[in-house]
Amino acid sequence: MSNSATVLYDAPGPKAKNLYRLISVAVALALLGIGYLVYAALDDKGQLTAAKWEPFTESTSWTTYLIPGIRGTLVAAAVSIVFALILGAILGIGRLSDHRPVRWVAGGIVELFRAIPVLILMIFSYQLFAEYEVFKSKYLALAAVIVGLTLYNGSVIAEIVRAGINSLPRGQSEAAKALGMRKGQVMRTILLPQAVTAMLPAIISQMVVALKDSALGYLIGYVEVVRSGQQLGAFYGNYLPALIVVAIIMIILNYTLTVVATRVEKRLRAARKGGGPQGAAPELPAVSVPGMDITDKRL
Amino acid sequence: MDLLSKYSDQLIDAFWTTVQLTAFSAVGALILGTILAAMRVSPIPVARGVGAAYVTIFRNTPLTLIIIFCSFGLFQTMGVKLAPEQSPTFFEQNNFRLAVLGLSIYTAAFVCESLRSGINTVHVGQAEAGRSLGLTFSQNLRLIVLPQAFRAVTAPLGSVLIALTKNTTIASVIGVAEASLLMKEMIENEAAIFVVGGIFALGFVILTLPMGLLFGYLSKRFEVAR
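Here the protein sequences come in this chain order: A and B. Using my numbering, read the first sequence as starting at 1 and increasing by one per residue. Using my numbering, read the second sequence as starting at 300 and increasing by one per residue.
Among these hints, one or two may not hold up.
[To be verified] The calculated lysine-lysine pairs, modelled on DSSO-like cross-linking and capped at a C-alpha distance of 30 Å, are:
| hint | chain 1 | residue 1 | chain 2 | residue 2 |
| --- | --- | --- | --- | --- |
| 1 | B | K380 | A | K45 |
| 2 | B | K305 | B | K483 |
| 3 | A | K138 | B | K380 |
| 4 | A | K52 | B | K380 |
| 5 | B | K380 | A | K136 |
| 6 | B | K519 | B | K380 |
[To be verified] Facing chain B, a subset of chain A residues (Cβ under 7 Å, in silico):
| hint | residue |
| --- | --- |
| 7 | A11 |
| 8 | P117 |
| 9 | F124 |
| 10 | Y218 |
| 11 | L219 |
| 12 | A234 |
| 13 | F235 |
| 14 | Y236 |
| 15 | I251 |
| 16 | Y255 |
| 17 | V260 |
| 18 | R263 |
| 19 | V264 |
No lab work stands behind these hints: they were computed from the structure. Source: prediction; values computed, not measured. Even for Gly, the Cβ is constructed at its ideal location relative to N, Cα and C.
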């Protein structure tokens with residue numbers, strides 16, 4: 001990130017440099033001021049005493065609370081992302097089908113589950129499974145979390161798949177058809193492999209969403225990391241520190257995934273420049289302002 | 300149908316709360332997000348850093364956690380109160396405002412990212428022409444770049460807003476009486492779970508579908524001709 005050569009402002013001259021320095025100092029001072037206010041308020045309420053933070057240095061609080069919670073989050077997220085990928089591929093290809101009814105059904109499912117909040121899906125499937133005793137009561141919450149996340153993320157991934165396949169040049173499928181391939185073969189051996197590389201960053205971003213949304217399990221009693229953090233807070237009487245630690249854990253997990261997504265995208269873009277599959281990705285803006293990444297971030 | 304007439308008042312109240320949560324948080328998130336986006340493209344390294352840190356932190360934290368933090372952390376531990384204490388509906392009001400705060404803080408990170416990518420789509424020549432006329436950074440951003448960026452991001456901002464509408468259900472975690480809280484209550488007390496599920500699914504489809512169509516239309520309408 002260099003200071004020169006951006007679209008919005010000139011490279012600073014001596015006067016502007018001084019001004020920037022002044023504003024930098026002002027911003028830094030404001031930050032320090034806010035930091036001090038927060039510190040003073042925390043201190044005032046006795047949140048900074050060693051007793052409040054000590055539990056996090058003991059192994060028992062990790063083994064009884066935090067690690068099972070992290071495991072719960074990861075299990076729910078991993079299982080649902082796998083199912084969502086399968087569902088997304090089916091629905092996405094369904095939306096591109098030659099048969100109108102298939103297109104409509106797939107489109108209807110995708111639009112419906114993208115419009116309904118994940119939480120509503122979870123509450124509904126929880127009650128549904130409880131009523132008809134589909135799962136053991138121990139797995140009820142987990143099943144509901146997985147179903148909710150799968151339906152929602154599957155629908156979003158279906159859209160990503162569709163966009164990915166649509167972004168391929170028409171010549172690809174035309175050439176395949178000219179070689180005498182059947183529809184299934186064209187999709188399986190020509191279109192999907194190319195589209196997957198283009199979709200990869202978006203799919204990884206969607207994993208971040210699934211990982212974050214697994215925290216919704218909190219509301220239907222699934223023990224994931226926020227719930228376990230809250231239990232820890234209740235046990236040691238340190239809600240605030242516990243929630244901060246949980247936030248840090250989640251940020252590290254999600255940030256790692258985001259970094260992976262950005263890396264993958266950069267590699268793909270480099271590969272394309274080097275004569276890899278041409279035009280295999282959606283068009284990205286050619287101009288880049290410093291500090292701006294143009295990963296397609298979906299909510 | 301009996302269910303609808305039995306719960307009609309409560310349903311309207313609950314969805315009205317959802318709409319209110321959405322509206323207030325949208326305004327908050329839009330203001331905060333615009334400021335953050337301006338910080339992230341500014342010439343001041345410290346401001347850029349602050350903006351980047353904010354986005355990284357709040358985009359990667361689950362909303363559930365943020366809202367619980369607003370209630371347990373800010374209110375119960377730190378004693379932050381957002382409503383007059385003597386008011387009879389203190390807890391309701393306070394929880395509502397805490398939820399709006401949490402939703403705004405979370406959504407602002409997404410607004411900021413959308414806007415930043417919108418700024419990216421503005422043609423270089425636009426900003427260059429502004430600079431060559433002697434406009435300063437803030438003039439350039441305010442008069443030339445942001446108006447075009449906002450037009451370019453109408454559709455993405457629409458999806459942020461729809462996501463926000465759906466995210467308001469999470470406010471039920473601190474007891475704000477919006478749609479999902481009523482759904483939980485109804486689905487436990489009534490035998491007809493499919494009907495209850497259908498009512499709430501339909502409610503959200505009614506809320507979000509027109510929004511999607513509207514923003515689709517607006518984005519076509521406001522498209523910058525190039």
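Should the hint that Y218(A) touches chain B count as held when the rule is a Cβ pair under 7 Å? OK, holds: Y218(A) within 7 Å of chain B, min 5 Å.
Can F124(A) be said to touch chain B, with a Cβ gap under 7 Å? 4 Å, holds
Restraint: R263(A) near chain B, CB-CB cut 7 Å. Satisfied or not? It is violated, given that the least Cβ distance between R263(A) and chain B is near 16 Å, above 7 Å.
Minimum beta-carbon distance criterion (7 Å), Y236(A) to chain B: The hint is violated - Y236(A) has no Cβ within 7 Å of chain B, the shortest such distance being about 13 Å.
For the pair we were handed, K138(A) and K380(B), check the Cα-Cα distance against 30 Å. 38 Å, violated
Has the given pair, K519(B) with K380(B), been kept, meaning a C-alpha gap of at most 30 Å? 43 Å, violated
For the pair we were handed, K52(A) and K380(B), check the Cα-Cα distance against 30 Å. The hint holds at about 23 Å.
Holds or violated: the hint that I251(A) contacts chain B, with Cβ atoms closer than 7 Å. 4 Å, holds
Given the hint that K380(B) pairs with K45(A), test it: the Cα-Cα distance must not exceed 30 Å. Between K380(B) and K45(A) the Cα gap is close to 15 Å, so the pair holds against 30 Å.
Straight-line alpha-carbon gap K305(B) to K483(B), limit 30 Å: 16 Å, holds
Taking 7 Å as the limit, does the beta-carbon of V260(A) come near enough to a beta-carbon in chain B? 13 Å, violated
At a threshold of 7 Å, is the proposed contact between P117(A) and chain B supported by beta-carbon distances? 4 Å, holds
Hints 3, 5, 6, 7, 12, 13, 14, 17, 18, 19 from the list above are not met by this structure, while the remaining hints are.
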